[in-house]
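K.L.:
The primary structure of each chain is shown beneath.
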Amino acid sequence: MNEPMPVCSPAERGAVEGIVHVVRVDDEVVWLQPEPSTSCGGCAAVGQCGKGIGSLARRIEERRFALAHSQRLEVGERIVVGVAPRALLQAALIAYGLPLATALAGAAIAEVWFAGDLASLAAAAVGLALGVVIARCAARRLLARGDLAPRFLRRVPPGESLQPSTGGKGGA
Amino acid sequence: MKEYALMMIGAALVNNVILARFLGLCSFMGVTTRIDTAAGMGLATTFVITVSSMADWAVQNYLLAPFGLGFLRTVTFILVIASAVQFTELTVRKVSPSLFQMLGIYLPLITTNCAVLGVALLLVESRLSFLASALFAFASSLGYSLVMVIFAGLRERLALATVPRLFAGPPIGFIVASLLAMAFMGFSGISTG
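Chains G and C, in that order, give the protein sequences. Residue numbers for the first sequence follow numbering that gives the first Met the number 0, beginning at 0 and rising by one. Residue numbers for the second sequence follow numbering that gives the first Met the number 0, beginning at 0 and rising by one.
I should point out that these hints are in silico values taken from the structure, not numbers from a laboratory. Every residue gets a Cβ at the ideal spot worked out from N, C-alpha and C, and that includes glycine. It is possible that some hints are incorrect.
What the hints assert, rightly or not - Which bits of chain G does chain C cover? Going by a derived footprint, with three or more residues having C-beta under 8 Å, they are:
no. : region
1   : 85 to 98
2   : 101 to 114
3   : 124 to 137
As the list claims (entries may be wrong) - Okay, the calculated beta carbon distance ranges per label pair:
no. : chain 1 : residue 1 : chain 2 : residue 2 : range
4   : G       : Ala121    : C       : Gly185    : 38 to 46 Å
5   : C       : Thr161    : G       : Val74     : 27 to 35 Å
6   : C       : Ala64     : G       : Val111    : 23 to 31 Å
7   : G       : Pro156    : C       : Ala160    : 21 to 29 Å
8   : G       : Arg139    : C       : Ser125    : 37 to 45 Å
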């Protein structure tokens with residue numbers, strides 16, 4: 000607990016951060032679980048928003064992940080992990096942009112060749128499936144490079160949250 | 000081709016989902032504290048709006064309209080949108096658990112995003128072909144993402160500024176949003192056919 004705080008690399012300084020709990024400690028990895036903050040926190044419905052499908056507990060448990068055990072963490076500790084901003088954008092482009100592009104391309108090609116709505120619809124579905132397969136390969140490549148792995152940034156003092164400023168430092 | 004291009008410009012800029020139709024304001028104010036998260040949310044929403052609009056178009060034209068079930072449209076569309084979000088979540092999780100770890104946070108928010116339902120209902124009124132519907136939905140969601148990223152950039156700058164205490168927080172956010180809406184009104188002079 001008393002070791003010095005790790006120094007973040009310049010790339011990590013602008014990282015997209017999140018608070019996680021340590022739920023299990025193994026020999027080489029620690030298992031982390033995100034704090035229950037699925038909603039944006041921007042309005043009075045913060046407690047209910049985004050809970051529609053499946054229970055919140057199940058959703059959070061599904062997002063449990065492992066991190067290399069390098070900081071002597073203990074079960075129950077809260078830490079901040081982060082990913083590079085560019086990695087988040089890359090991940091979003093691969094997961095959503097690629098399948099969407101292939102689906103739209105499929106629909107457009109079918110419209111030109113067959114000039115029918117049903118053919119466009121079928122081609123869009125095929126394009127979407129093809130895009131998912133391509134996205135899978137691209138995600139694997141990104142994962143192999145280690146771009147998607149979250150990194151330990153710092154320990155969280157009790158009571159701290161990551162809710163960012165919503166606009167302006169209060170002046171006089 | 001020209002008609003499609005004009006329709007897309009109109010959907011993205013002139014009749015912007017957020018600033019002209021006032022849809023999706025919850026995520027507009029809630030997820031725009033950082034450019035990266037706004038871009039992630041924008042891309043996720045773009046995917047869901049486009050895919051669910053394609054599915055809604057099929058349901059409307061091959062199920063609801065032929066059998067005279069138009070009164071079930073809203074309920075059916077909500078079901079289709081929820082299914083699209085669930086499908087997206089399952090697919091991302093299967094395709095790459097790492098991507099799911101990173102992006103899963105945005106998906107539950109989209110279920111309750113009225114912009115998704117709003118675009119689907121607008122498409123029914125427009126009576127467009129399948130490709131035109133898909134492109135309209137894609138352009139509308141691109142406009143949504145564009146405004147999200149612009150507003151997030153403004154709020155990142157705003158977080159460093161000193162504003163009167165009375166306006167600090169959401170009030171100055173709303174004032175900036177109104178100025179952005181006025182700026183987008185400049186696009187209304189563009190003729191989109």
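K.L.:
Do Arg139(G) and Ser125(C) keep their Cβ atoms within the hinted range of 37 to 45 Å?
P.N.:
holds, 40 Å
K.L.:
The hint says 21 to 29 Å between Pro156(G) and Ala160(C); measuring C-beta to C-beta, is that right?
P.N.:
With Cβ atoms ~27 Å apart, the hint holds.
K.L.:
Can you confirm whether chain C covers the region 124 to 137 of chain G, using C-beta to C-beta distances below 8 Å and requiring at least three such residues?
P.N.:
holds (count 4)
K.L.:
Quick check: do three or more residues in the region 85 to 98 of chain G have a beta carbon closer than 8 Å to a beta carbon of chain C?
P.N.:
The restraint on the region 85 to 98 of chain G holds, since 11 of its residues have a Cβ under 8 Å from chain C and three suffice.
K.L.:
Look at the Cβ atoms of Ala64(C) and Val111(G) and judge whether their distance stays inside 23 to 31 Å.
P.N.:
Roughly 26 Å apart at Cβ, these two residues keep to the hinted range, so it holds.
K.L.:
If I claimed the Cβ atoms of Thr161(C) and Val74(G) lie 27 to 35 Å apart, would that claim hold in this structure?
P.N.:
Taking Cβ atoms as reference, Thr161(C) and Val74(G) lie about 43 Å apart, which means the hint is violated.
K.L.:
Verify the coverage statement for the region 101 to 114 of chain G against chain C, using a C-beta to C-beta distance below 8 Å and requiring 3 or more qualifying residues.
P.N.:
Holds, because 5 residues of the region 101 to 114 of chain G bring their Cβ atoms closer than 8 Å to Cβ atoms of chain C.
K.L.:
Against the range 38 to 46 Å, how does the distance between the Cβ atoms of Ala121(G) and Gly185(C) compare: consistent or not?
P.N.:
Since the Cβ atoms of Ala121(G) and Gly185(C) sit about 41 Å apart, the hinted range of 38 to 46 Å holds.
In terms of the numbered hints stated before, the structure departs from hint 5 and from no other.
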